[in-house]
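> Listed below are the residues making up each chain.
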Amino acid sequence: MIRRVALAALLVMAAGEKHSGYQDASPETRAMQDDDASNPGFLWVQQGETLWQERIGSAGRSCADCHGAAPVAMRGVATRYPLFDAQISRPVTLAQRIEQCRVERQGATPLSADSDALLGLTAYVGLQSRGLPMQVSVDGPARPFYEAGKALFNTRQGQFNLSCAQCHDDLAGKRLAGSIIPQGHPNGYPEYRLEWQGIGSLERRIRNCMVGVRAEPFAADSLELVELELYLGSRANGLAVETPAVRP
Amino acid sequence: MVRVLLNVPKRVKRGEEFDVKLLISHPMESGQRRDDMGQPIPRDIINSFVCTYNDDEVLRADLFPAIAANPFLSFAVTAQESGTLTMTFTDDHGVVQTETVSVTVE
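Residue numbers (this note's numbering), protein chains in the order written: chain G, 1312 to 1559; chain U, 2 to 107.
What the hints contain is simulated information worked out from the structure, not anything from laboratory work.
Heads up, a few of these hints could be off.
As the list claims (entries may be wrong) - Here are some, though not all, of the chain U residues that point toward chain G, as calculated from beta-carbon distances under 10 Å: (1) VAL13; (2) GLU18; (3) LYS22; (4) ILE25; (5) SER49; (6) LEU64; (7) PHE76; (8) SER83; (9) GLY84; (10) LEU86.
By construction, the Cβ of each residue, glycine as well, lies at the ideal position given by its N, Cα and C atoms.
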C-alpha cells in the first residue's frame, strides 16, 4: 500500500517535472521537428543564412563581416536572451538585439517585428544554440524586470480573468479542449506553428494567449512583453534550445 | 522564386532506393477563405509537380487544395547511373520553378 502511494506520488512528480513543449506534442509533430529536411522552420533558417552574408545599410557591412561564421560566433548566444542591455538600461530580446545591430552598426532600416527577414535571422542565430541549455540571467540589474515579469505572469487579466500561471503552472499537462496545456517554455522560438502555417515569435504567441483570455495584448515592443519574456526565459533555464521548434 | 529546401544524398548506391525530400515555401491558399472585408481570397496552390532523372520521368503529381502551407514532398528513387534530378512545379499564378541536383552513383 505504502509502495503504491509512493509510486503514485512519483508519477505525479514526473508529470509535473519541467519539460519542453516537445514532450507534449503529438508523435507526428515531433517527427516533423526531428528531421531538418521536413521541418518547415528551416525555410526561414535558409533565408536567415543568406541575410547573414548580405552587405546592407549605409555601412555596407554584413553580419558576417563583424561576427564571422555564425556556427562559431553565435554558438550559445540565444541561450542568454532576453539579456540586460546596460546602454539602454533594460533587457532586450534576441530579435531586438538584431534590429539594434542592424540600425546602429549597419546603418540599415529596421525590419518589422513579424517580417520573414527578422524571423529568419533570429531563427538562424537561434539554431546555433540548438541543444544547449537555456541560461537566462536575472541577477543584478535584470532583477527588477524579472520581478515585473513574474508579477505579470501571475496577474489575472481579460474578460476570462485568467493569469498565465493558472493554466501554465497549475493546469499544465491537463487538457484545454483536445490539446494538452504545455508548461509554456520558450525554448524553441522562433518556432513553426502548424496553427499559423508559418514561423512566429514568442511575442506573437503571447499575443495569441492574451486574445484567448479576451485581454488586450501588450503593444509590440512594449516593456511588458520583454519583462514577461525574461521571466519565461528564466523559468525555462536548463531546457535545451530547440530553435526552430515545431509545435501544433 | 519561392524558397525550396532540397534534401538528396550526394552519393548513392547503384540500383538502391534513396529518399528525395523537398520542402517548398508556398502559402497553398485553398480558395475557400475570405479576407477581413469578406472578399474571397483566390486559390493559389502548387497544382503540379514533375520530377525527372536524366530526362526520364520519375514522378508526376497533381496537387489539390487542403494541403497545408509550405508543403513537404518525399519520395523514393533508384538510379542506375550518375545524373541530374530535376524537379519542376507550377502554381495557380502560372509561376514555374525548377530545381536541380546532381547525384553520383557509385
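> Which numbered hints are broken by the structure, listed smallest first?
1, 2, 5, 6, 7, 8, 9, 10
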